[in-house]
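When you get a sec, could you build the whole thing from the sequences and use the hints?
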Amino acid sequence: MIKIVRITAIWCPSCIIMNNRYNEVLKDLDVTIIDYDIDEDSDAIEPFNIGSVLPILIIYRDEIEVLRIIGEKTKKELLKLLEGYPKKS
Amino acid sequence: MESDNMIYLDYSATTPVNEIVLNVFVDASRRFFVNPNSAYPEAKASQTMIEGASERIRSHLHLTSHEVIYTSGATEANNLAIKGVALKQQNIGKHIIMSPFEHSSVSACFGYLQKQGFSVDVLSFNSDGTVDLENLKQMMRQDTILVSVCGVASELGNLQPIDAISKIVHSYPNAVFHSDMTQAIGKTAVKLEGVDLITLSAHKIYGLKGVGALLRRDAIKIIPQIHGGKSSSNLRSGTPSLPLVLSLEKAIDIATSDLAKNHLIIRKLHQQLISGLNDISGCVINSTVAGIPQITNVSVVTMEANDLQAYLSQQGIYVSTQSACSSGTARSEAVYRLTKSEAQARSSIRISISHLTTESEINALLKAIGSVAL
Chain W
0 MIKIVRITAI WCPSCIIMNN RYNEVLKDLD VTIIDYDIDE DSDAIEPFNI
50 GSVLPILIIY RDEIEVLRII GEKTKKELLK LLEGYPKKS
Chain D
0 MESDNMIYLD YSATTPVNEI VLNVFVDASR RFFVNPNSAY PEAKASQTMI
50 EGASERIRSH LHLTSHEVIY TSGATEANNL AIKGVALKQQ NIGKHIIMSP
100 FEHSSVSACF GYLQKQGFSV DVLSFNSDGT VDLENLKQMM RQDTILVSVC
150 GVASELGNLQ PIDAISKIVH SYPNAVFHSD MTQAIGKTAV KLEGVDLITL
200 SAHKIYGLKG VGALLRRDAI KIIPQIHGGK SSSNLRSGTP SLPLVLSLEK
250 AIDIATSDLA KNHLIIRKLH QQLISGLNDI SGCVINSTVA GIPQITNVSV
300 VTMEANDLQA YLSQQGIYVS TQSACSSGTA RSEAVYRLTK SEAQARSSIR
350 ISISHLTTES EINALLKAIG SVAL
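Listed in order, the protein sequences are those of chains W and D. Just so it is clear: in the first sequence, position 14 is 13 by numbering that gives the first Met the number 0, and no numbers are missing. Just so it is clear: in the second sequence, position 189 is 188 by numbering that gives the first Met the number 0, and no numbers are missing.
Please note: incorrect hints may appear among the correct ones.
Taking lysine-lysine pairs in the BS3-like style, the calculated list, with each CA pair at most 25 Å apart, reads [claimed, not checked]: (1) 366(D) / 75(W); (2) 136(D) / 74(W); (3) 136(D) / 75(W); (4) 75(W) / 208(D); (5) 339(D) / 79(W); (6) 87(W) / 136(D); (7) 74(W) / 260(D); (8) 267(D) / 2(W); (9) 114(D) / 74(W); (10) 74(W) / 339(D); (11) 114(D) / 26(W); (12) 26(W) / 93(D); (13) 26(W) / 79(W).
Think of the hints as simulated: they come from the structure by calculation, not from any bench.
Pasting the structure below:
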């Protein structure tokens, strides 16, 4: 089972840009997405030990972190990074 | 400004209040305490004075058909403009566009609206930090209802081509052009007539904190964000503060009247600053040729921005890391976006000068930076 934790902030232009790309790419994947806002959910995101660059996508396979995507990526880069993850049937 | 050994070089964060402006506020507070919404003659006189102040503000800014909506500051004005237009026009379209160099009080509104289902695009930009006009033309659609581009970006100081943006936006009948002019008014000459919604703040132009305005072209419809009783505008409820309104008008009056005179002083100080920074090895200037002379963004690449700021602060020199409203993260997104350099983005400080800055203050700053740069 694939779970994706997405951490963004509403004031962050990179997050606004990446939300469009995430939505395009993630809509085809069979994954569970959990969204956190860095300001509203500060307690909840503390265990993720994030740095200062947003947005952050943390991907878990069977509850084990397997990939962390940080900052802006092109759609092409995002597709490559998420290659091989299960698609919706 | 030199007092108590403080060298203040953070005038884009806030400015000291002008004595004349302060006296206007104090005098009006003593003399006109009545609620302008009341029915008695003194209240009517206060209402008339607010109307007079609005008329003079329009005149100072060379505007004819904009309503002056008084707010608590630029953050509220930006919220009113962006959310107000988006919510009013959402039946026509839900596509909105912003520049990547906006203050967080603009970008947060766009992020909020994106969460509410609006489609948000962020403009690309040229190497000098000005927005890419061809990209804007490509992004514009029939359902585009709002474009927001600041007059001057707060971190880097890049001046945007407001006139050209206005022409592109207005070739689409449903699109409204908003510009956060907080860092532009009083610092540089900008043609405002082509902007539908203009944000400004008093405390950036030697006025008082707690007052700003949204200037709305009469034809532009927005939904209020603060509802309640009667006010000087139907679009923003709350008892109008005549003393703050009069003080804002005076601050704008002085800032616009003294613009040319102050510009000459600041340009000379800016040249001194740039020349000195260029002589310090390890120092990289992030501001571009499109920057206004009041704002210089610079990196000392061997030092984290917070450490440099703390060191300068110990020497009594006050500058910013990023814009004051988004401090807390270690990297300047605006600098990273422009330079693509992680080192520059993590080590950038903003030096913002004014006509009150002195040559000796610039020399003290250069000496302090020179002592830590490698």
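To see whether the hints hold, each was checked on the structure:
1. 366(D) / 75(W): 47 Å, violated
2. 136(D) / 74(W): 22 Å, holds
3. 136(D) / 75(W): Holds, at roughly 24 Å.
4. 75(W) / 208(D): 46 Å, violated
5. 339(D) / 79(W): 22 Å, holds
6. 87(W) / 136(D): 36 Å, violated
7. 74(W) / 260(D): 49 Å, violated
8. 267(D) / 2(W): Violated: residue 267(D) and residue 2(W) sit about 57 Å apart, past 25 Å.
9. 114(D) / 74(W): Holds, because 20 Å separates the two Cα atoms, which is no more than 25 Å.
10. 74(W) / 339(D): 18 Å, holds
11. 114(D) / 26(W): 16 Å, holds
12. 26(W) / 93(D): 21 Å, holds
13. 26(W) / 79(W): 15 Å, holds
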